[in-house]
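Engineer: All chains should be modelled from the sequences, with the hints used to inform the complete structure.
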Amino acid sequence: MKPILECQGLTKKYGNIYALSNLSLTLERGQIVGLLGLNGSGKTTLIKLINGLITSTAGQVLINGMLPGADTKKLVSYLPERSYLNDHMKVEEILSYFSDFYENFNVVHARAMLSDLDIDTHARLRTLSKGTKEKVQLVLVMSRDAELFILDEPIGGVDPAARDYILQTILTNYNENATILLSTHLITDIENMLDRVLFIQKGQLVLNATVDEIRTAKRESVDSLFREVFKC
Amino acid sequence: MLGKLLKYDLKYGSRFFILLHGILLAACILGRLLFFERLDFDAGSDIIAPYIILATSLYVLLFTAVSLGTAALLAVRFYRNLFTDEGYLSWTLPATPVEQLWAKLFSGTIWYILDILILALSLVILLSGSNLTAAYAKVAPEITEALGMPLGRYGTMLLVFTLLSSFSGTVTIYVCISIGQLFPSHRVLCAILTYFITSAVIQIVVLGLMVIFNLFPGPYINDAATETDTVQYLFTTLKLSGVINFVLTIVEYFATRYIFIRKLNLT
Chain E
1 MKPILECQGL TKKYGNIYAL SNLSLTLERG QIVGLLGLNG SGKTTLIKLI
51 NGLITSTAGQ VLINGMLPGA DTKKLVSYLP ERSYLNDHMK VEEILSYFSD
101 FYENFNVVHA RAMLSDLDID THARLRTLSK GTKEKVQLVL VMSRDAELFI
151 LDEPIGGVDP AARDYILQTI LTNYNENATI LLSTHLITDI ENMLDRVLFI
201 QKGQLVLNAT VDEIRTAKRE SVDSLFREVF KC
Chain P
1 MLGKLLKYDL KYGSRFFILL HGILLAACIL GRLLFFERLD FDAGSDIIAP
51 YIILATSLYV LLFTAVSLGT AALLAVRFYR NLFTDEGYLS WTLPATPVEQ
101 LWAKLFSGTI WYILDILILA LSLVILLSGS NLTAAYAKVA PEITEALGMP
151 LGRYGTMLLV FTLLSSFSGT VTIYVCISIG QLFPSHRVLC AILTYFITSA
201 VIQIVVLGLM VIFNLFPGPY INDAATETDT VQYLFTTLKL SGVINFVLTI
251 VEYFATRYIF IRKLNLT
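Read top to bottom, the protein sequences are chains E and P. Letter by letter, the first sequence follows residues 1 to 232 in full-length UniProt numbering. Letter by letter, the second sequence follows residues 1 to 267 in full-length UniProt numbering.
Simulated from the structure, these hints should not be mistaken for laboratory data. Among these hints, one or two may not hold up.
Each computed PhoX-like pair below joins lysine-lysine, with the alpha-carbon atoms no more than 25 Å apart [what the hints assert, rightly or not]:
id: 1; chain 1: P; residue 1: K7; chain 2: E; residue 2: K90
id: 2; chain 1: E; residue 1: K231; chain 2: E; residue 2: K202
id: 3; chain 1: E; residue 1: K2; chain 2: E; residue 2: K74
id: 4; chain 1: E; residue 1: K130; chain 2: E; residue 2: K90
id: 5; chain 1: P; residue 1: K7; chain 2: E; residue 2: K74
id: 6; chain 1: P; residue 1: K239; chain 2: E; residue 2: K74
id: 7; chain 1: P; residue 1: K239; chain 2: E; residue 2: K133
Structural biologist: Next up, the structure:
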């Protein structure tokens, strides 16, 4: 079976600035991977390249052996760090939209999660609070039976109670054969659920190790290693 | 996939489109009932002329507003759906960039064609009152002679030319917005500038070709303002613009397609 994600010499330049520089990476299936780095380190650029939202300057991304395109988008469920839903739509309409476009979207599952969260599916998105909108997006993304979940800062803008719910949602909806790539800098909140971490600094991969390796070899937590590596 | 994308594109703008054109049609029905049907065309032209000039001016304003509103609907839908935060969803749907482009082209052309047909209908509503048609019958031979053809045929030809331009008009809007996205900042401003620069260049090329092929009705440009020559000149210009637009539409389509496939860079 091909790796779910491969990056080969991936480079992205904005003007004269390298957002990513010759980054190579392979991710196998069935793991939760933390993509960690400081602001502006290249995390979101990498995520955008995987999703085909920007084009690379050099190198390539392969998802299940394919370049980003319509076929890879069936496999990838992506939660961006911003609200990407049309505010004028009702939650119900958004459910229909996802059902229409994604064959692997489980609408029954999504409805159950929305009900658990007391979110009225007849409400228009613009009437919901920022935190509730984020929950709606997360429910939509996690209700797909995808092979690669890419979550960009899923807990960045929500309160601790919602944060717990989101992390619980991710864990309970996690298919063992799927891979989750989770970008954040709130490491302590997610450390216990991670199998592997990637440290990215100035557009380059500076660490690719399992959490067990970090704990055994370096005898420290991911959080303390992060603070050490990215010390200002 | 194309059908699904098209469905949501058409659904998105339908309310605004219906509202905009509903206002136009309502204004035309009222204009006919309350104004045109109450005009006495047997009165001297110096008496009714000011009223007709006022009504025509109001109609031209409304006509322009509705046309601009439709163009804005296309532009805003295209820009918002593909190049703002919404683009993060649109571009992660399992659709190819070409399917995304054709969905927008079909929906845009459908809106444009409906817009043109409704604008034509508004004119018919406004001008088909019995008093107006009776007044027109008196001057019809003169107008037919001046146009070189009956007014109905003239209007139909203009309508056909306008309908044919609906696709190219849509592509032009899309290519300008897409080119605007190539700039690192002020992307909307760059898109608007691209539109004006492209339009100006096309006008200059049409004028240049008319001079080169000696398509003006006489040695002086103002010769075009004489009766049948005016119509001749108008249709020659339309035909030439049609050919240029056809070539330009193909270039613009492939430019947009190229940007979608190779140069997509969401901020």
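Engineer: Where does the structure disagree with the numbered hints, that is, which hint numbers, in rising order?
Structural biologist: Result: hints 6 and 7 break, sorted rising.
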